[in-house]
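Undergrad: Please take these sequences and the hints and turn them into a complete structure.
Take a look at the letters that make up each chain.
There are 2 protein chains.
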Amino acid sequence: MNGAESLVRTLVRGGVDVCFTNPGTSEMHFVAALDKVDGMNCLLCLFEGVVTGAADGYARMAGKPASTLLHLGPGLGNAVANLHNARKADTPMINIVGEHATYHIEHDAPLTADIEGIARPVSHWVKTSRDSRTVAADAAEAIATASAPPGQIATLILPANTAWEDSDGPAEVPAIPRRATIADDAIIAAARVLRSGEPTVLMLAGQALYEGTLNLAGCIAAKTGAGLISQGANARLQRGAGRVAVNRIPFSVDQALEVLAPYRNIILVGAKPPVAFFAYPGKPSRLEAEGCRIHRLCELGEDAEDALARLAEAVGAKPGDAQVQQAFRPDLPKGALTAETIAAVLGNVLPEGAIIADESVSVGRGFFPMTAGTPPHDWLNNMGGSIGLGMPLATGAAVACPDRKVICLEGDGSGMYTLQALWTQARANLDVTTVVLANRSYAILRGELTRVGAENPGRKALDMLDLSRPNLDWVQMANGMGVEAVRVDDCEGFYKAMVAGLAVKGPYLVEVVM
Amino acid sequence: MNGAESLVRTLVRGGVDVCFTNPGTSEMHFVAALDKVDGMNCLLCLFEGVVTGAADGYARMAGKPASTLLHLGPGLGNAVANLHNARKADTPMINIVGEHATYHIEHDAPLTADIEGIARPVSHWVKTSRDSRTVAADAAEAIATASAPPGQIATLILPANTAWEDSDGPAEVPAIPRRATIADDAIIAAARVLRSGEPTVLMLAGQALYEGTLNLAGCIAAKTGAGLISQGANARLQRGAGRVAVNRIPFSVDQALEVLAPYRNIILVGAKPPVAFFAYPGKPSRLEAEGCRIHRLCELGEDAEDALARLAEAVGAKPGDAQVQQAFRPDLPKGALTAETIAAVLGNVLPEGAIIADESVSVGRGFFPMTAGTPPHDWLNNMGGSIGLGMPLATGAAVACPDRKVICLEGDGSGMYTLQALWTQARANLDVTTVVLANRSYAILRGELTRVGAENPGRKALDMLDLSRPNLDWVQMANGMGVEAVRVDDCEGFYKAMVAGLAVKGPYLVEVVM
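The listed protein sequences correspond, in order, to chains A and X.
Each step along the first sequence adds one to the number in this note's numbering, with nothing skipped, and position 195 is 195.
Each step along the second sequence adds one to the number in this note's numbering, with nothing skipped, and position 268 is 1268.
Don't take each hint at face value.
As the list claims (entries may be wrong) - The calculated lysine-lysine pairs, modelled on PhoX-like cross-linking and capped at a C-alpha distance of 25 angstroms, are:
no.: 1; chain 1: X; residue 1: K1223; chain 2: A; residue 2: K64
no.: 2; chain 1: A; residue 1: K505; chain 2: X; residue 2: K1460
no.: 3; chain 1: X; residue 1: K1223; chain 2: X; residue 2: K1318
The set of hints was computed from the structure by calculation and includes no laboratory data.
TA: Written out as structure tokens, the structure reads:
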């Protein structure tokens, strides 16, 4: 058995049974090993940003890492932006990056690059296998590292000769560390704050946004009068009718300051202290009110469920105390498509169990209220702010959950970064309805240009923010990649298209012209 | 004047008057400055791989660097693969990468990343401006660094507050170092080798492949019986009727060994010693014959024209000695489209002054003989081997040379990496005819799978190399980005489509189904 086969067998043995891939020559033995080894589901993506974005979406929904297969330094380079996003979402992921044969590197062939250097800024762990007989053990270490809570990016670099030379077979995967249980001190301190009568908000992230844990937070809130809030973006928020509702800190600094103004205490449950997405002249970086104290109940990788259960007990909150979201569907709107009417249509159509891959950027900031009362669903955001995650994320989520409908809410500017994801959706017949919000501009930047204090922009500047001349035709582009698509320009059309798209068991795209 | 304006004014003063851009919030002051400052031609690209690939194509044809504008670490990440290609082509380039305001970085906002770490593997020079009053001087240093022969990648990181705070105005750009003249020793040594009577080949790269310099090499070859050859890929080769013909070292290791087998001496004129693109089990990394001696006439950044002129004199070669390529057009083929018939059609249609951006990968390896006798043209290759350069490269070349026809020869697999380039071609009405060679597979990898010794690949492996199910429809994708397109499946159709496309003054795409 060669090194590549020992690697694939180790991955499968370690429960890593999905590989998103865009291979090249240096990865051909890995590809060949896929034929020999049962149990690895491989999905070809036509660009590496799709590979890592899909691995992110998969892991968020499957609760375990996918592997990726990338071609040398530049292939990894193309994957960097969505690795950045995955790292910010604390997603577990195992990247296998091909490298030239060890003895070939010194000759500086065209594709020779500093792969470790490219990997390091977006990986928690980077290792180059030096010998075909250590590849399996290296892979086992990668699995354990990636899976360590809350999740890490492990990048294993595989020189071609370590793939084609002999191995000693697959390796055992060490036990994955469990989430640490927090000490009593943190519970006592948080309970004291909650009992103080001072306005307090629990700021939740990660595992704390999953239904059961969130319900514990809801019980605490009901008992103590504390607020609940999440960061501006969440890796996976379980929401909808019957669940505890949590709002996000707004993107706009002024709105965020207003939302957090009442609170004298913020208790972090896996979250980071609240911070502005960007800096603006004359505005603060931190979003809490002056004098507000920041407390930490638990880190993102610690056991938030246990921590909140103990905190609930400490404050005397009981199961069932939590206020949960009532079911409702908004009135079906008519006429022009705006951020508000689009939200209302979505509130009418989101099916039970939907997974929302949300990269709606400027248009989607107000989607939460109108969709709050729809049947239970998962809502996934871009945590790293690098656009081009939405369609890949949806792709991976659909691979993880083939029996659920994935709905991708995608800006047109963002979608153009990784539109190749549509082809993978078509090939694997993934059940994704993509909604492209076609405002034909980087709309967020028009606001930002004003916000940073750049006055009276002229045509030359505005042209850099504008996606028209020519307009993008998403129906043609989707069809060109084998995905059925339709264009709509009013609420009635959008509603009809969504009903049609959701009825299809496979990919479908709706271009919403605003 | 703020830092951003001082930066733009310094760039324009330094002759850097084109900016390929995909900006974000942190770059809004730079965008605003574009309105105020005359003389900077800005082109919006919808993905950063297009930005840097276009800057590469521009610089190869303009002979000076373009600037790029990239959004923070992930935007730079998306640009990495084509920066790798540009670095391998020794292309001058100035990247301006936005960064959070200096005081905001410590808060680890979503887009915070190790920008210097991402830049370093693909840059010769990386600097973060620390103060709005040093931005202009930093930009001047970037211009000088990028322009140092043969060309370098300079990456300037611009924290948002250094863009919006006050500056002292633009800076003077220091003189660009001239190409160094080589010492007499190297001339004498090379002349001795050429006079030895041993089989010798001049291996040419960079400036040595420009018409005038190449002619000097041709004179030397004619006088001494030496061969002429180039690396497998060239940044810019001036070829066609009336010019000295140079063939490339073949991609296949066996063929390359055969081509170089006769030579006892290789004289490097800017080139690197010949090396295999990839390592294969049982095959060598270096391509020269055993016992062949490698001599170096000059480095890539040294003055090859002067070196070859002096060498010609030393061996007694006279101007006019060179054998030049006869003009010819091949017979117009009929019927099925194959690598050979496609080459013959191209040999019939290439217009005078054409710029060929060649990312034809497996299909195009044999395009040279049939196109050798067409009118004088420039042929640009991918020097870094990271696919996804072709269409951006064509885009940039067309910006540099608005009066010449650019022909992009693009593999379908490669083209999918950066297809967003078509939109920029449409917006700027760039005169590019794109030929997509649609073999509907990563055909190169089918060969490679066998070549690395992976036997009898099964469906699961082959699916990773196959671009069908569904087929890509390049006509729809191009139309979706505003580019007129046509699909052809025989020689007659291809010829007609090329004639039509070349008659259009603007972008046009021909999908060649093989």
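Undergrad: Indicate, hint by hint, whether the structure satisfies it.
TA: We went through each hint and held it up to the structure:
Taking the CA atoms of K1223 (chain X) and K64 (chain A), the gap is near 68 angstroms; set against the 25 angstroms cutoff, the hint is violated. Only pairs whose Cα atoms come within 25 angstroms are accepted, and K505 (chain A) paired with K1460 (chain X) is accepted, the gap being roughly 24 angstroms. About 8 angstroms separates the Cα atoms of K1223 (chain X) and K1318 (chain X), which keeps this hinted pair within 25 angstroms; it holds.
In terms of the numbered hints stated before, the structure departs from hint 1 and from no other.
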